[in-house]
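Undergrad: Got chain A sorted already, so can you dock chain B onto it with the hints?
Each chain, letter by letter, is given below.
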Amino acid sequence: MANNSPDIKQDIKIALVGSPNCGKSSLFNSLTGSRQKVANYPGVTVERRSGKYTTADGKVITLIDLPGIYSLKDRTLDERVSRQVITGTHVSESQPDLLLCVADSTNLRVHLRLVLELKHLGLPIILALNMHDMAQRDDIRIDPEILSKELGVPVVTTIAVRRGSLDNLKSQLSRTLNDLPPKQESMPAPTTRELQQQARDIAARATLSEGSQHKITRQLDRLLLHPVFGILIFFITLFGMFQLVYFWAAAPMDLIEGGFTLLQGVISDILPDNWFRSLLNDGIIAGVGSVLVFLPQIIILFTFILILESTGYMARAAFIMDRTMAMVGLNGRAFIPLMSSFACAIPGIMATRTIEHHRDRITTIMIAPLMTCSARIPVYALLIGAVVPNKPIIFGLFGLQGMVLFGLYLIGIVSALIVAMVLKMTLTKGVAQPFLMELPKYQLPVFRHLMINLWERVKTFLRRAGTIILYAAIGLWLLAQYPKKPIGGLEPDIFYSYAGIMGRALQHIFAPLGFNWEMSIALIPGMAAREVAIGALGTVYALQGNEGQVEQSLRTIIQSSWSLPTAFAFLAWYIFAPQCLATLATVRRETNSWGWTAFMTGYLFALAYLAALAVNKATIALLA
Amino acid sequence: MTIRYLSDLKKGEEATILGFDPKSCKDIDFARDLEDRLLEIGFEEGLNVKILHEGPISRDPIAVRIGQMTVALRRMEAAAVRIYDGKP
Numbered sequence: 001m002a003n004n005s006p007d008i009k010q011d012i013k014i015a016l017v018g019s020p021n022c023g024k025s026s027l028f029n030s031l032t033g034s035r036q037k038v039a040n041y042p043g044v045t046v047e048r049r050s051g052k053y054t055t056a057d058g059k060v061i062t063l064i065d066l067p068g069i070y071s072l073k074d075r076t077l078d079e080r081v082s083r084q085v086i087t088g089t090h091v092s093e094s095q096p097d098l099l100l101c102v103a104d105s106t107n108l109r110v111h112l113r114l115v116l117e118l119k120h121l122g123l124p125i126i127l128a129l130n131m132h133d134m135a136q137r138d139d140i141r142i143d144p145e146i147l148s149k150e151l152g153v154p155v156v157t158t159i160a161v162r163r164g165s166l167d168n169l170k171s172q173l174s175r176t177l178n179d180l181p182p183k184q185e186s187m188p189a190p191t192t193r194e195l196q197q198q199a200r201d202i203a204a205r206a207t208l209s210e211g212s213q214h215k216i217t218r219q220l221d222r223l224l225l226h227p228v229f230g231i232l233i234f235f236i237t238l239f240g241m242f243q244l245v246y247f248w249a250a251a252p253m254d255l256i257e258g259g260f261t262l263l264q265g266v267i268s269d270i271l272p273d274n275w276f277r278s279l280l281n282d283g284i285i286a287g288v289g290s291v292l293v294f295l296p297q298i299i300i301l302f303t304f305i306l307i308l309e310s311t312g313y314m315a316r317a318a319f320i321m322d323r324t325m326a327m328v329g330l331n332g333r334a335f336i337p338l339m340s341s342f343a344c345a346i347p348g349i350m351a352t353r354t355i356e357h358h359r360d361r362i363t364t365i366m367i368a369p370l371m372t373c374s375a376r377i378p379v380y381a382l383l384i385g386a387v388v389p390n391k392p393i394i395f396g397l398f399g400l401q402g403m404v405l406f407g408l409y410l411i412g413i414v415s416a417l418i419v420a421m422v423l424k425m426t427l428t429k430g431v432a433q434p435f436l437m438e439l440p441k442y443q444l445p446v447f448r449h450l451m452i453n454l455w456e457r458v459k460t461f462l463r464r465a466g467t468i469i470l471y472a473a474i475g476l477w478l479l480a481q482y483p484k485k486p487i488g489g490l491e492p493d494i495f496y497s498y499a500g501i502m503g504r505a506l507q508h509i510f511a512p513l514g515f516n517w518e519m520s521i522a523l524i525p526g527m528a529a530r531e532v533a534i535g536a537l538g539t540v541y542a543l544q545g546n547e548g549q550v551e552q553s554l555r556t557i558i559q560s561s562w563s564l565p566t567a568f569a570f571l572a573w574y575i576f577a578p579q580c581l582a583t584l585a586t587v588r589r590e591t592n593s594w595g596w597t598a599f600m601t602g603y604l605f606a607l608a609y610l611a612a613l614a615v616n617k618a619t620i621a622l623l624a
Numbered sequence: 001m002t003i004r005y006l007s008d009l010k011k012g013e014e015a016t017i018l019g020f021d022p023k024s025c026k027d028i029d030f031a032r033d034l035e036d037r038l039l040e041i042g043f044e045e046g047l048n049v050k051i052l053h054e055g056p057i058s059r060d061p062i063a064v065r066i067g068q069m070t071v072a073l074r075r076m077e078a079a080a081v082r083i084y085d086g087k088p
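Protein chains in written order, with the working numbering: chain A, 1 to 624; chain B, 1 to 88.
Accuracy of the hints is not assured; some may be wrong.
As the list claims (entries may be wrong) - From the derived model, a few chain A residues whose C-beta atoms are all more than 10 Å from chain B: (1) Tyr41; (2) Asn107; (3) Ile140; (4) Ser148; (5) Ile233; (6) Ile256; (7) Phe276; (8) Leu280; (9) Phe319; (10) Val431; (11) Arg463; (12) Ala624.
Said to hold, decoys possible - Think about it this way: if two alpha-carbon atoms lie no more than 30 Å apart in a straight line, the pair counts; the simulated BS3-like pairs of lysine-lysine are: (13) A:Lys37 <-> A:Lys13; (14) A:Lys215 <-> A:Lys183; (15) A:Lys459 <-> A:Lys429; (16) B:Lys10 <-> A:Lys215; (17) A:Lys149 <-> A:Lys59; (18) A:Lys459 <-> A:Lys52; (19) A:Lys73 <-> A:Lys183; (20) A:Lys52 <-> A:Lys37; (21) B:Lys50 <-> A:Lys215; (22) A:Lys119 <-> A:Lys73; (23) A:Lys429 <-> A:Lys73; (24) A:Lys424 <-> A:Lys73; (25) A:Lys170 <-> A:Lys52; (26) A:Lys149 <-> A:Lys73; (27) A:Lys52 <-> A:Lys183; (28) B:Lys23 <-> A:Lys215; (29) A:Lys73 <-> B:Lys11; (30) A:Lys215 <-> A:Lys13; (31) B:Lys23 <-> A:Lys424; (32) A:Lys429 <-> B:Lys23; (33) A:Lys73 <-> B:Lys50.
No lab work stands behind these hints: they were computed from the structure.
Note that the Cβ used here is the ideal one computed from N, Cα and C, for glycine as well.
This is chain A alone, in the form it adopts within the complex (with noise of 0.2 Å):
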């Protein structure tokens, strides 16, 4: 970073620190408000918060909100970043002038022993007892100025979900920078065990009343975490969750839809019928459209999974997911961006930061593009219509249309266990993470930060899809687009072009799978996102029309010339085949490894060109 040079010192910086679950994320929502940036740690996927904040008197501050950490161990990244962060060890991130502690008032004797071990660091510590309304409801009455004698520190109490509660912190920020102390010699702190002693006996003293545990977390839980009820409404909470991400998008994905194909119109009228119009029209707005059309259902579900976070029900989905997930070697952690996967894999891999330890994480990574992501339907929707007859099964209860799709979706659940559990005897072997963790207390969202939050993930997500997605349709649309058809040319334009010479040549490897070269040609446009290979089919096939029309010709076309062996082995190729070239540079991003981003392709595409070869072969056995 540019403005980190020693000497000259251009502003203060506080770094907001704490254990997980202290509301520390809230209080620096509260105090920043939307002026906050979020990067990454530069080389990990450790996320960097940070805001301007404002004094009374003007001075204009930057605020970083580290990462949750229990103690400065390194164990993980996030605390490797955190520690380094403070104890001003860090690459590019310069050394806080003041930290600013958050702990939870209600589990006080616990949060105490991070503050007593950052005071061994010589910063200037400002303390704020947050949460201090629970503490208050719970009958938990703790003494700031006993508190502040014994830590030498200031101490206020902050309700961090309300902007009106922070009067005290900020007078005493803008006082404490007014007469800020110079930094001390940091000193070698203690053993977990002596800081432990220390922070009881600090808390014992400054507790004036003791309280009792908070109420509705305990009536909650017997409920959200009994063994029955608990879990059906896990489940009625997920299939919820999904029936509105499927729901609710439906209309904004029409009008996305309707609004790029108008943009095409409208430049089809201004434009002469050139190169440059083609670029626009068919390269760009296809290809970033095909992508942003999944913008309604990754802010729904985005949405969803912030407040099950800031509810504190995400720890709960974890404990009741957890034995299941151990059984393939993951934590319960993994379960909800595995879930988040069936929407879209981009945001299920981004959401894998939850899991704090490195191993489980890529295992995580790695199987995510096995869940069915939405792309896939259009796919599935199109060839099931072609070859699986609508006929009742099993009494007339279901369609075997139904059950096909069904059966798809459990083809790639079941294959991402067991690729789970391959990973976890192999490449990630390793010691067993402790599932450990806080159940922390149930508390409503708040809108301000949910909303600002939500914008945040939304922006990172069209960050990185949608600057991959740009380069990726301009990429491809060059290779369908030339050369151009000789004269004379029997073919559709697209056979003679760069695209259409490498498929017609993978056409040889995926013989032995029953694909024609038309198909191997619309798997090449088709890598910018996997209903994209629709469209491209219809190119191949040379088809005229709207979207519908093409379907209804493709639907006719694929019946008439593909045979069933060709049909089934190009669905179970789109069960494995990491078609999406977004996916694959968020794996990259997130991973920050080309290694695991080249081995998570290749296995990907081994796993379909096998899957699809088994089921063509199979096929032709059970037709002969």
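TA: For chain B alone, coordinates are given in the frame of chain A:
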């Protein structure tokens, strides 16, 4: 007195933490850091623990009340926490 561990308790049962015994975990690498982790999250000698909830399959993991908070852990991890019955 027989040595008992947190992992032996059933839902609704209470005990007092006597100490930590990570060696009682089968996996030595796994156990190495376990005592510190347990301390950091809030387990401590002399505190009262109560099993509030059990997971749906094999009654694992468990959720225990300790102090003012609820902590979830697997029985395998709870096997490192030595306890004695009754109030401190």
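Undergrad: Over 10 Å to the closest beta carbon of chain B is the bar; see if A:Ser148 clears it.
TA: holds, 21 Å
Undergrad: Decide if the proposed pair is consistent with the structure: A:Lys459 and A:Lys52, CA atoms, cutoff 30 Å inclusive.
TA: Since the Cα atoms of A:Lys459 and A:Lys52 sit roughly 19 Å apart, the hinted pair holds (cutoff 30 Å).
Undergrad: Holds or violated: are the alpha carbons of A:Lys52 and A:Lys183 at most 30 Å from each other?
TA: Roughly 22 Å between the alpha carbons, so the hint for A:Lys52 and A:Lys183 holds.
Undergrad: Confirm or reject: A:Val431 is not an interface residue toward chain B, with every Cβ-Cβ distance exceeding 10 Å.
TA: violated, 4 Å
Undergrad: Checking a non-interface call: every C-beta of chain B should be farther than 10 Å from the C-beta of A:Ile256. Is that right?
TA: holds, 40 Å
Undergrad: Do the alpha carbons of B:Lys23 and A:Lys215 lie within 30 Å of each other, as the hint requires?
TA: violated, 36 Å
Undergrad: Given the proposed pairing of B:Lys50 with A:Lys215, does the C-alpha separation stay at or below 30 Å?
TA: holds, 16 Å
Undergrad: For A:Lys424 and A:Lys73, compute the direct alpha-carbon distance and say whether it is at most 30 Å.
TA: Judged against 30 Å, a Cα distance of about 25 Å means the pair holds.
Undergrad: Could you grab the alpha-carbon distance between A:Lys149 and A:Lys59 and see if it respects the 30 Å cut-off?
TA: Status holds; Cα separation ~28 Å.
Undergrad: Would the hint linking A:Lys170 and A:Lys52 be met if the CA-CA limit is 30 Å?
TA: Roughly 14 Å between the alpha carbons, so the hint for A:Lys170 and A:Lys52 holds.
Undergrad: For the pair supplied as a hint, A:Lys52 and A:Lys37, is the alpha-carbon distance within the 30 Å limit?
TA: holds, 9 Å
Undergrad: A:Lys73 and A:Lys183 were given as a pair; does the straight-line alpha-carbon distance stay at or below 30 Å?
TA: holds, 22 Å
Checked against the numbered hints above, the structure breaks hints 2, 3, 9, 10, 14, 15, 28, 29 and 30 and satisfies the rest.
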